[in-house]
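Residue numbers (the numbering used here), protein chains in the order written: chain V, 6 to 296; chain L, 6 to 296; chain P, 25 to 402; chain D, 25 to 402.
If you are wondering where the hints come from, they were derived from the structure by calculation, not from laboratory data.
Glycine is no exception: its CB is placed at the ideal position from the N, C-alpha and C atoms.
Heads up, a few of these hints could be off.
The calculated DSS-like cross-link candidates involving lysine-lysine, where the alpha carbons are at most 30 Å apart (straight line), are [claimed, not checked]:
| # | chain 1 | residue 1 | chain 2 | residue 2 |
| --- | --- | --- | --- | --- |
| 1 | D | Lys81 | V | Lys267 |
| 2 | D | Lys184 | L | Lys119 |
| 3 | L | Lys199 | L | Lys119 |
Estimated spans, in silico, between C-beta atoms of each pair [what the hints assert, rightly or not]:
| # | chain 1 | residue 1 | chain 2 | residue 2 | range |
| --- | --- | --- | --- | --- | --- |
| 4 | P | Glu160 | V | Gly95 | 21 to 29 Å |
| 5 | D | Tyr298 | L | Gly122 | 57 to 65 Å |
| 6 | P | Glu152 | D | Gly172 | 35 to 43 Å |
| 7 | L | Gly95 | P | Asp237 | 51 to 59 Å |
| 8 | P | Glu245 | L | Lys39 | 18 to 26 Å |
| 9 | P | Asp150 | V | Gly95 | 45 to 53 Å |
| 10 | L | Gly55 | D | Gly172 | 51 to 59 Å |
A few chain D residues that don't get close to chain V, going by computed Cβ distances all over 12 Å [stated by the list, open to error]:
| # | residue |
| --- | --- |
| 11 | Gly80 |
| 12 | Ser96 |
| 13 | His122 |
| 14 | Pro139 |
| 15 | Gly211 |
| 16 | Ser282 |
| 17 | Val352 |
| 18 | Lys363 |
| 19 | Pro364 |
| 20 | Val400 |
Below, each chain spelled out in residue letters.
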Amino acid sequence: MAILVGEDTRVIVQGITGREGSFHTRLMLEYGTKVVAGVTPGKGGMEVHGVPVYDTMEEAVEAHPEANTSIIFVPARFAADAVYEAVDAGMRLVVVITEGIPVHESLRFVNYAKSRGTTIIGPNCPGVISPGKAKVGILPGHVFKPGNVAIISRSGTLTYEVAYALTKNGIGQSTVIGIGGDPVIGTSFTEALKLLEEDDETKAIVLLGEIGGDMEERAAAMVKRGEVSKPIVAFIAGRTAPPGKRMGHAGAIIMMGTGTYKGKVEALESAGIKVARMPFDIPKLVADLLT
Amino acid sequence: MAILVGEDTRVIVQGITGREGSFHTRLMLEYGTKVVAGVTPGKGGMEVHGVPVYDTMEEAVEAHPEANTSIIFVPARFAADAVYEAVDAGMRLVVVITEGIPVHESLRFVNYAKSRGTTIIGPNCPGVISPGKAKVGILPGHVFKPGNVAIISRSGTLTYEVAYALTKNGIGQSTVIGIGGDPVIGTSFTEALKLLEEDDETKAIVLLGEIGGDMEERAAAMVKRGEVSKPIVAFIAGRTAPPGKRMGHAGAIIMMGTGTYKGKVEALESAGIKVARMPFDIPKLVADLLT
Amino acid sequence: MKLFEYEAKSLLSKYGVEVPPSVLVRKGEDVRAKIRDAGLEPPVVVKAQVLVAGRGKAGGIKLVKTIDEAVSVAEKLFETPIKGVIPRLVLIEKAIPHDTELYTAIVIDRSERRPVVLASRYGGMDIEEIAREKPESIVRRFIDPYTGLKGYEARLIGKKIGLSGKTLASFASFLQALYRVFTEYDGELAESNPLAVVGDKVIPLDARLIVDDNALYRHPELAGDRIEESGEYTEWEVKARRQGLTFVELDGDIGIISNGAGLTMTTMDLVLEYGGRPANFLDIGGGARADLVKKAVGFLLEYPKAKKIFINIFGGITRGDEVAKGIVAALSELGEIGKPIIVRLAGTNEEEGRRILKEAGIEAYTDPIEAVRKVVEA
Amino acid sequence: MKLFEYEAKSLLSKYGVEVPPSVLVRKGEDVRAKIRDAGLEPPVVVKAQVLVAGRGKAGGIKLVKTIDEAVSVAEKLFETPIKGVIPRLVLIEKAIPHDTELYTAIVIDRSERRPVVLASRYGGMDIEEIAREKPESIVRRFIDPYTGLKGYEARLIGKKIGLSGKTLASFASFLQALYRVFTEYDGELAESNPLAVVGDKVIPLDARLIVDDNALYRHPELAGDRIEESGEYTEWEVKARRQGLTFVELDGDIGIISNGAGLTMTTMDLVLEYGGRPANFLDIGGGARADLVKKAVGFLLEYPKAKKIFINIFGGITRGDEVAKGIVAALSELGEIGKPIIVRLAGTNEEEGRRILKEAGIEAYTDPIEAVRKVVEA
């Protein structure tokens with residue numbers, strides 16, 4: 006068993022005929038993911054890397070009733086509509102890769118999906134991989150290997166970096182989730198931790214945070230309340246970032262005293278979580294936990 | 006036991022300081038209904054017939070945590086807001102007396118309440134009475150008496166007429182629900198029938214319909230499907246109304262072949278439901294069913 | 025409240041829908057000058073702006089090939105009643121050559137409690153006709169009122185009525201605009217029929233919008249008296265509506281006043297059952313005060329078809345004392361004019377009501393059957 | 025994108041909020057004539073329209089008692105940098121005598137995934153200060169994005185910050201207008217601080233609106249270059265933004281290019297850890313194509329603080345071959361300018377990337393630590 010994606014994952018790619026959609030469909034297929042259909046309005050009847058394309062999710066699901074997961078590569082202006090279409094078509098997981106979606110739209114579709122029991126990963130995320138089983142995302146497959154350490158991360162590329170370091174050190178991964186860098190995302194650290202806590206395959210968890218927001222503090226509070234029994238190693242990007250400057254998507258507008266590197270590290274450490282100084286220290290810390 | 010309202014009903018009157026709100030608060034109290042609080046923005050601290058008034062539902066519920074039902078007498082322009090306030094304050098039943106609420110607003114709050122598990126009766130309805138137990142509405146209490154025939158009705162005054170006829174003939178009522186005359190209402194005939202089917206106290210049901218819409222046809226279909234085991238007597242107002250004229254709130258814009266007197270009577274009769282020619286025939290038909 | 029075609033089209037245009045170029049002409053204006061100033065080239069369609077149903081079949085819409093013809097047709101339309109209504113406005117619109125006519129409408133579905141979009145590839149006939157002749161062609165989709173009509177839903181509906189490519193995209197945009205008009209203007213109905221397919225886009229050749237009367241206060245820009253233009257009402261119905269009374273004219277001689285549509289219709293049924301013939305439907309609604317009752321009674325005293333008056337009230341939110349005061353006030357003001365009045369009173373405050381009537385010399389009945397027998401005999 | 029005070033106030037006014045009478049003066053215009061034409065009577069407040077935080081404390085807001093004074097203060101403001109920014113616009117506004125100043129704001133709460141309304145009876149200071157000094161005074165309410173701020177919620181918030189009667193009603197209307205501006209203009213923040221209580225109504229003395237950059241395409245009317253007015257950016261940061269680069273200037277000498285905010289910050293951390301000092305943060309984001317990479321490399325080649333350049337890429341949606349092509353193109357175009365370039369490449373299409381770089385004579389590292397050591401030593 007793995008969480009979110011696994012052997013039973015059957016994927017529909019929304020925006021499959023676009024540059025990224027088509028490219029990553031190929032990479033997902035090469036990784037062994039069961040991509041059963043693609044959707045691009047107006048392009049029904051085509052094939053992309055052997056995957057049949059439909060005009061609508063309704064038609065795709067009718068032809069492939071086994072589909073349970075969607076991945077969205079649709080441009081930002083149309084992405085919210087694609088999410089609604091996926092949720093209404095009954096997908097249980099929707100991975101939104103698209104960057105640049107207006108936050109008021111994400112706000113709405115994230116609430117909508119939640120009320121209908123669909124899990125959203127992203128937007129602006131690299132997706133999810135359960136190494137050796139399935140990849141629903143844009144993560145470079147070769148840096149991962151099967152194992153029992155989960156990674157949850159706000160940053161895509163940092164995730165690859167850390168997974169690569171773990172893999173090189175012989176530590177495989179159960180499920181790796183890039184939760185996304187937007188202000189409003191479908192699955193936060195605390196929700197991901199809840200899923201991982203119940204996952205038999207996960208023995209330890211790596212949490213990759215960033216300065217800004219309070220998601221790391223909330224995760225720490227959850228651990229402090231005793232809701233996560235599995236050991237966690239954390240890393241927070243932005244230790245040396247000058248305060249008051251917005252580093253890409255990091256940083257909230259009204260911080261209310263949270264969001265600094267120091268605050269996050271203190272919160273995590275006070276919950277008994279080891280915080281790595283550099284990402285390359287993580288394999289050693291994880292290995293210590295697992296022995 | 007009775008449905009919707011009974012001994013455990015504790016009422017907050019929204020719009021209690023208005024003419025109708027205050028008048029019917031007195032009548033409800035006289036009937037024995039436990040009215041625990043009233044709400045009118047800006048009038049907090051007053052009393053109406055001994056009932057304490059609050060500015061907000063939040064304060065009313067804080068002071069009277071036993072409250073579980075709200076009745077709304079607020080003017081049409083502010084009624085939707087009052088419904089949201091009642092739902093958000095955790096009322097399990099909200100009776101909307103107000104007439105003239107824009108249908109797009111009702112549409113929204115009815116869906117909102119449903120998703121949060123609150124039952125709405127109305128809008129534009131006379132309310133609910135479980136004779137001898139509690140009255141949440143504007144129905145004239147003295148025409149009802151306790152018993153085991155339920156009445157569900159689209160028309161307020163016709164309900165009184167029929168209840169009065171039953172009472173005079175020695176037939177008491179379990180629960181009487183005026184579901185309201187607006188195009189969009191919170192509880193339809195089929196939903197009311199579902200509740201009554203599960204009510205131990207109800208042995209027979211009187212359904213008072215009107216021309217227009219398809220609610221009676223839907224009730225008939227439900228009975229035909231075998232979902233209602235209790236005997237039903239129906240009456241449809243508007244037998245002699247000329248077609249094509251809108252009689253008050255009766256009549257839909259797009260009928261699609263439904264909504265006529267003849268169509269409704271045929272649907273009901275084909276489901277084995279007795280249809281009274283005149284409302285004054287109902288007591289006899291009900292008495293026949295009960296023996 | 026029904027909007028005129030030109031009003032509905034102007035709202036659609038506000039939301040980005042391309043509508044045929046046109047000019048609105050008022051009775052008395054120079055039709056030729058208006059057409060010229062608008063730069064309209066023939067052929068054009070001359071359309072009476074009336075609110076009656078079936079305006080086309082009744083001769084209210086004419087396609088003409090020259091400006092001269094347009095002028096003469098328009099001037100004739102201003103003189104010709106369309107189902108009893110003489111138009112005060114005529115819309116002269118560029119004729120749009122097209123192959124296909126679609127049907128689209130949005131209404132509120134009472135049972136689902138959701139807006140429902142209806143569409144068919146067979147436009148040009150009304151929905152009842154489509155439902156009869158091509159029922160399988162009607163696509164229905166219920167809409168979540170909180171999210172509105174989503175883009176993919178609009179495309180899905182278009183696809184199901186057989187559109188594709190750019191036409192489908194144009195249709196989807198149109199449908200979203202129609203939905204916005206429907207919600208932002210509190211529509212009971214928003215319809216475009218026919219919606220023409222012209223090349224790879226859609227253009228509404230007709231448009232209807234019925235605005236919820238309860239929401240009119242939010243749309244003061246739509247105000248205006250359209251009671252006569254609607255063609256729905258008789259002379260006495262128009263009078264009644266101007267006074268705020270819910271009145272329907274019937275053919276009998278017994279004037280009826282009651283409270284609540286259900287009881288008022290049942291009172292009509294009752295009168296017929298006992299051998300009488302109702303002269304009208306007049307529902308004073310819920311919670312009527314004395315002044316409204318007085319107005320209703322006064323109206324029936326003047327309404328010539330009503331030779332006698334039956335007032336059947338069962339009080340809930342309506343109070344017997346208010347009803348009684350209204351009746352007494354009407355009679356004392358208008359004096360005795362030879363119309364027998366039979367009152368039946370029950371429900372809230374019925375004792376006070378009965379007492380007030382008695383003091384004025386009127387005996388109120390309790391039993392409706394006794395009362396109706398009295399009316400029929402009177 | 026931050027809006028100027030006068031813009032935020034004009035949006036509020038569009039939604040029915042009463043704002044102080046005012047006139048906007050551009051640099052070079054006749055201040056006295058403008059004040060006279062607007063019919064403004066002293067006392068007035070002269071306010072520099074700049075986007076820097078703490079404008080008031082930095083001398084950008086002056087209360088004056090005469091028109092003469094207003095003119096001279098305005099003219100002086102046009103010459104005075106406020107936290108480094110010289111205003112191009114000055115707002116002259118009627119001074120509004122008032123007793124109380126409230127705080128109101130709406131932001132999106134990331135954890136709750138809902139808009140949150142913040143209000144306090146202690147306005148005039150910024151929210152961090154209120155949170156420090158009067159934390160119990162802050163009322164927070166999370167809003168359902170589908171229903172919006174309901175009327176009763178607006179009243180409840182007002183009540184909780186101590187308002188009542190007509191003031192409460194005025195506050196509730198104001199808050200609903202602020203919420204509409206927040207949602208209809210895709211606000212990241214909508215704030216009024218101070219919101220003055222004047223008699224029995226509230227009037228916003230200041231207003232801020234930050235619009236989500238991702239949604240700017242929906243609000244073309246707000247477009248316009250405000251990069252310099254914001255006062256947030258250094259000269260090189262302004263240059264970078266004009267080219268569409270996400271660049272932050274730092275004090276060291278190692279230019280950094282990476283992909284993704286997390287990895288870019290980590291690359292900074294890494295450089296510092298191994299004894300170097302980053303000259304900047306430059307995140308090429310996800311899925312950068314060769315031309316963006318070329319632009320980024322070209323920018324750092326010109327950026328004087330960067331004496332050497334460290335490119336650290338881990339591909340996901342970004343592809344190694346595109347990165348390599350961009351680097352090669354930048355170098356071949358700008359030629360050799362003596363800045364050592366160290367590239368570390370991993371992830372999607374890393375082999376092709378490595379091959380392209382090798383053909384151009386650049387050896388790409390796989391191990392970031394090896395690469396960073398090389399950079400620091402270079």
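Evaluation of the provided hints:
no.: 1; hint: Lys81(D) x Lys267(V); in the structure: 29 Å, holds
no.: 2; hint: Lys184(D) x Lys119(L); in the structure: 29 Å, holds
no.: 3; hint: Lys199(L) x Lys119(L); in the structure: 15 Å, holds
no.: 4; hint: Glu160(P) x Gly95(V): 21 to 29 Å; in the structure: 25 Å, holds
no.: 5; hint: Tyr298(D) x Gly122(L): 57 to 65 Å; in the structure: 59 Å, holds
no.: 6; hint: Glu152(P) x Gly172(D): 35 to 43 Å; in the structure: 38 Å, holds
no.: 7; hint: Gly95(L) x Asp237(P): 51 to 59 Å; in the structure: 34 Å, violated
no.: 8; hint: Glu245(P) x Lys39(L): 18 to 26 Å; in the structure: 47 Å, violated
no.: 9; hint: Asp150(P) x Gly95(V): 45 to 53 Å; in the structure: 36 Å, violated
no.: 10; hint: Gly55(L) x Gly172(D): 51 to 59 Å; in the structure: 37 Å, violated
no.: 11; hint: Gly80; in the structure: 19 Å, holds
no.: 12; hint: Ser96; in the structure: 34 Å, holds
no.: 13; hint: His122; in the structure: 25 Å, holds
no.: 14; hint: Pro139; in the structure: 7 Å, violated
no.: 15; hint: Gly211; in the structure: 8 Å, violated
no.: 16; hint: Ser282; in the structure: 7 Å, violated
no.: 17; hint: Val352; in the structure: 21 Å, holds
no.: 18; hint: Lys363; in the structure: 22 Å, holds
no.: 19; hint: Pro364; in the structure: 22 Å, holds
no.: 20; hint: Val400; in the structure: 14 Å, holds
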